[in-house]
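With the hints as constraints, model all of the structure from the sequences given.
Numbering (my numbering), first residue to last: 1 to 268.
Accuracy of the hints is not assured; some may be wrong.
[Stated by the list, open to error] Derived lysine-lysine pairs resembling BS3-like cross-links, with alpha carbons at most 25 Å apart:
hint, residue 1, residue 2
1, K81, K185
2, K7, K40
3, K233, K40
4, K142, K160
5, K229, K73
6, K181, K79
7, K79, K39
8, K48, K224
9, K201, K170
10, K229, K79
These are computed hints drawn from the structure, not numbers from a lab. As the structure is a prediction and not an experimental result, all values here were calculated from the model.
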Amino acid sequence: MLFFNNKPIIAHIRLSGVIGNVGRFQQGLSYASHRDIIKKAFSIKKAKAVAISINSPGGSPVQSHLLYSLIRKLADENKIKVITFAEDVAASGGYMLACAGDEIYANASSIVGSIGVIYSGFGFQDLIKKAGVERRVHTAGKSKSILDPFVEEKPEDIKKLKDIQEDLHKEFINLVKHSRKEKLKSNDDVLFNGEFWAGGKAKELGLIDGIGNVFQVLEDRFGKDVKIKNFEKQEGWLKKKLSSSMADAASSVLTELETRSFWNRFGL
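Here it is, written out as structure tokens:
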């Protein structure tokens, strides 16, 4: 006599880290690095849903959108529900990834939101003057050296940057509105000013659907016998070798500082 395992199966993906490249040898979340693992999760036969745990402060808007689009494409093609879960942070591009879910959950202490666009840099023009350094730049194209950190900012450069940011922000807003639709509970000035909130407030605003972690929500939804099949990208041998070497210590420190700057904006 044959016995069949009728336990409901859920494919579970974990997307963690800064989105895009964060150093010379360190790649964060990207379409290229996570495409295959995401496709594998959606290929599980008879899966009841795909769950995605997200822990990201954001990063590249392009890579965020590519990952979002991939998840939605696979969800539509396979006619399968996607449930996303914010862990410590699902902010900026991390929240864009969360919006790939048909439902979004978070911990009460999760940081959610930051629907905006940011550019940051430094100005070194006074420093090189004090050091007696002469800056020499030759370009073909008058805007090729836009936002050069070694010269005074130009109003026209700032305007160009702001125009690009406004375009990117509109795209982000439209994506959130398309994903959340009538679930959003506040006006644009509140939701889309770049502010971020803890999970409870995010639920009040309609940015998430509920409070709960992946195991609790999936057990409540699919029963105590639910089988969660985990998919997580493993580190390659080259990355492990480089991270264990002291030869690139300076680059590693700079990479760590850059990565921490993303997380520190949200108090982590």
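Consistency of the hints with the structure:
no. : hint           : in the structure
1   : K81 with K185  : 23 Å, holds
2   : K7 with K40    : 20 Å, holds
3   : K233 with K40  : 11 Å, holds
4   : K142 with K160 : 13 Å, holds
5   : K229 with K73  : 21 Å, holds
6   : K181 with K79  : 20 Å, holds
7   : K79 with K39   : 14 Å, holds
8   : K48 with K224  : 14 Å, holds
9   : K201 with K170 : 23 Å, holds
10  : K229 with K79  : 19 Å, holds
When held up to the earlier numbered hints, the structure conflicts with none and fits them all.
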